[in-house]
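Asks: Just so you know, the sequences run in chain order A and H.
Anchor point for the first sequence: position 481 equals 484 in this note's numbering, and the numbering is continuous, going up by one each time.
Anchor point for the second sequence: position 134 equals 154 in this note's numbering, and the numbering is continuous, going up by one each time.
Since the hints were made in silico from the structure, they are not lab data.
Given the structure is predicted, the values throughout are model-derived calculations rather than measurements.
Glycine included, each C-beta is placed from N, C-alpha and C at the ideal position.
Accuracy of the hints is not assured; some may be wrong.
Lysine to any residue pairs mimicking SDA-like chemistry, simulated, CA-CA at most 25 Å apart [stated by the list, open to error]: (1) H:Lys119 / A:Ile569; (2) H:Lys119 / A:Asp464; (3) A:Lys615 / H:Gly50; (4) H:Lys119 / A:Ala503; (5) A:Lys617 / H:Val127; (6) A:Lys615 / H:Gly117; (7) A:Lys617 / H:Cys49; (8) H:Lys119 / A:Gly565; (9) A:Lys617 / H:Leu132; (10) A:Lys498 / H:Gly117.
Covered by chain H, according to a simulated footprint, are these stretches of chain A (three or more residues, beta-carbon under 8 Å) [as the list claims (entries may be wrong)]: (11) 512 to 518; (12) 521 to 535.
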Amino acid sequence: MATLQQARNLSRAKMAPSTEAARLELLESYIVHHEDLARCAQLSLEWLARHAGIRRSMCVVAEREEGRLIGLASYGLPTDEVALFSWPLSDPRDPLAAVVSASGPTVLRSGRANQDVGRPMPVTPLGAGQIMAIPLRGRGTDDFAVGLLLLRPAAESAADVGWLATVLGQKLEQLRGRGSLGDEVRTLRRERSLLFTIINAVTDPILLTDTEGRLIVANARAEKLFAAGEEESEGRRRAVELNNMLFSAALSRSAVEGPSEARELLLVDPSEGSDLLFEVLSSTVESPREGTGIVSVLRNITDLRRATEQIEENYQRLRILEAAARAERDRLNLIIDSVADPIIVTDPVGATVLMNAPAEELFTVPAAALEAAERSVQANDAHFSSFISGLLLGEEGPGATRRGEIGLVNPETSETIPVEAIAGKVASDTGELTAVVTILHDRREALERARLYEQVKLASDELQVRVQAATAELATQNELLRRQAIELEQASRLKSQFLANMSHEFRTPLNAILGYTHMLLQGVSGELSAPVRRQLQRIDSNGRHLLTIINEILDITRIEAGKMPIQLSEFNVNEIVPEVMAELDAVIARSKLIITPKLAADAPPMRSDRQKVKQIVLNLLTNALKFTHQGGIEITIRYEPEARAVSIAVTDTGIGIAQEHHERIFEDFRQVDDSPSRQYGGTGLGLAISRRLASALGGRITIRSSLGRGSTFTLTIPMEPLQ
Amino acid sequence: MSHQQGPLILVVDDYEDAREMYAEYLRFCGFRVAEARNGNEALEQAFTLKPNLILMDLSLPGLDGWEATRQLKADERTRHIPVVALTGHALAGASEGAKRAGCDSFVTKPCLPDDLVVEVRRMLEEVKTQDSTLNTQNQ
């Protein structure tokens, strides 16, 4: 109670009420744990963290008898390092040792673990950098402090720190007075230290976690995997973070699935970055003081796994190779069997090792064997053996082949098979003869093919001879045709010449007939009686008709002989009609028909053969007059600017022409009725000539007519001659 | 009287019927007529008689009408006499051949005597007009 009172007095001096409450709280905890030195120190450091913001701190006790500083409690530092901390006081130059006898706080530069102890720089679990060392003193006047408070950051020197140093110093002095306690602590510490040493010596990482997965204790191996200070590299810190996550996940899985079984955990080596495979053995431990915890031992099975995988892989590869080898063998068997030629493999002494199916047919006795078949097989064997022995006895080395012909017999059909045998020696790597492979080739097919080839060749030769003969014949025929064509041309020319001559010969007497008739009618020989005059007129009109016929024949001849030149001139198509009508004036007057010309006033001058256009129109009008007995005739001229043509249509009210005769009437010497007793005169050449003339001018004649309804013949010719 | 006064026409044709027919009709129409049966006779007659006009059939035995015309037209004495060609050859080119030979006119047979007389009168008229023109120019 007194202690609490003292503490209160001490604190009351100048503190704010809230600070006071905080301090009071610490002092009360001192009273609660008044016998536990380490606990009090631990609470003090936690208090400092809470109220003074000191993130890392450590409390050490000065053991005067042993001449060492020993770790008592820590905050924000690895627990085991503090527990194992032990620093000699023998060297008065040592900065830490100096602080023990110093009167107030000292700022020191601290080193890192693993550095030379001989250097004047204390090595503490606080890590490298500046730290603040505060001597803890009791009420006594002793020069030496009972302990040290090491803080980081070093700059911290708030009032709370000073106050805490004082109360903690007094508490340390008070408790250290009880020697037995100190001994007990030392014994415990030694055992603990031994335990840590043992745990750390284990090469497998060992961890103790609470049920929530928080780390309580880890050995050195585990810390490499699961702990990293702020000064560590970024990569390393990240690896550690990842490992912690993986490990917690593994623990929580084991909590769900049951802890007893070993399970695998893949972690990252923070220093190497490589994968590490561990087998985790977790077991739950119950401690009355600490509660339930989980001890996990991680066994590195990375190499083991790698080896297992290697074995597995090799095994797989072996299986693949085995399968490939089997497939290869099967394939070879299949190939050998599917070869149509017999294949036989014999060993060096001539014994058969392997045969394919075709070979078996020749060299094995069939199941239902007849005597003849057996004899055939024996004969085949004998032939084959003598062939092989020839090769085996020969001096030739490996790779040598022997060819030969053997006469074999098909055991089933007793048919003789001429066979070409090709045998080759197969040698091992060492050059030793291991086998002889013989392929037998049935020559029947080749012989048959040769025979067929001969036949085909014969046929081909024969064919060639025939083709040549045919070609020659064709050439002869061509020549004949050519000559015929020439002859035909000559004949055609002769015909034209003949007709021209004939027409001349016709004209000469006709000239005399017509002339004398005319003269008589003119009264050259005196007055004529009426009957004589009528008779002379008959002679005259028949003579004229004959002349027309001769003239038309001459026209056709000229056109066919190409001796009808086109004489182009410019004229108006309308002029043609009156001229034609004037020429036929006598006929028109006799016919008593009404002729109506319908001219095209808009027609511009055209360029064509005027004489021939006129001749065509004359023909058409003559025909219309001839075949029309009543009614009238219209001659209609139309100018067709789109077609660049004119049309001259002659429409009559005559007898008309049936549809089936529309083409026929344009043929030479044709009339609809061309019987000897026909009603209408004429040569039947008029339309044939007209159509030829029209086409020579680039035009055409069309007909529109039906029987009894009159006809319209239309001549269409271009305004300009066609090229 | 008129027979003696009419112009003299030389009719050249180897075909007697035609020649005599034309001759008879020409006489009937008031012309004087001389006849020749071939080219040589035609030349002879022409040089001797100096006719006013010659009717010349072109296809003649021996010296033909074309050749005879060429010679007449080449000769100073007969060059001025008009020659009317008569031919049964109606093929194209016949009239061109006659023109080239020197014929002044061309008539295709068959030709009615009446038509021939029309052509003869036309030609004589043409020559008279030319002569009077020439005479006028000469005066």
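Asks: None of the hints should be skipped; say for each whether it holds.
Replies: Outcome of the hint check:
1. A threshold of 25 Å between alpha carbons decides the hint, and for H:Lys119 with A:Ile569 the separation of about 20 Å falls inside it, so the pair holds.
2. As the CA atoms of H:Lys119 and A:Asp464 are separated by approximately 71 Å, the hinted pair breaks the 25 Å bound.
3. Straight-line distance between C-alpha atoms of A:Lys615 and H:Gly50 comes to about 39 Å, which puts the hinted pair past the 25 Å bound.
4. For the hint linking H:Lys119 to A:Ala503, the alpha-carbon distance of about 21 Å falls within 25 Å, and the restraint holds.
5. Between A:Lys617 and H:Val127 the alpha-carbon distance is near 21 Å, which keeps this suggested pair within the 25 Å criterion.
6. At most 25 Å may separate the alpha-carbon atoms for a hinted pair to count; A:Lys615 and H:Gly117 meet this at roughly 22 Å.
7. For a cut-off of 25 Å, the pair hint linking A:Lys617 to H:Cys49 is broken: about 34 Å separates their Cα positions.
8. The straight-line distance between the Cα atoms of H:Lys119 and A:Gly565 is roughly 22 Å, inside the 25 Å bound, and the hint therefore holds.
9. A hinted pair counts as satisfied when its Cα atoms are at most 25 Å apart, and A:Lys617 with H:Leu132 qualifies at roughly 24 Å.
10. Between the alpha carbons of A:Lys498 and H:Gly117 the distance comes to roughly 23 Å, so the proposed pair stays at or under 25 Å and holds.
11. Under a criterion of three residues with beta carbons nearer than 8 Å to beta carbons of chain H, the stated coverage of the region 512 to 518 of chain A is upheld, 6 such residues being counted.
12. Counting residues of the region 521 to 535 of chain A whose beta carbon lies closer than 8 Å to any beta carbon of chain H gives 4, which meets the minimum of three for the stated coverage.
The structure fails hints 2, 3 and 7 (numbered hints given earlier, in ascending order).
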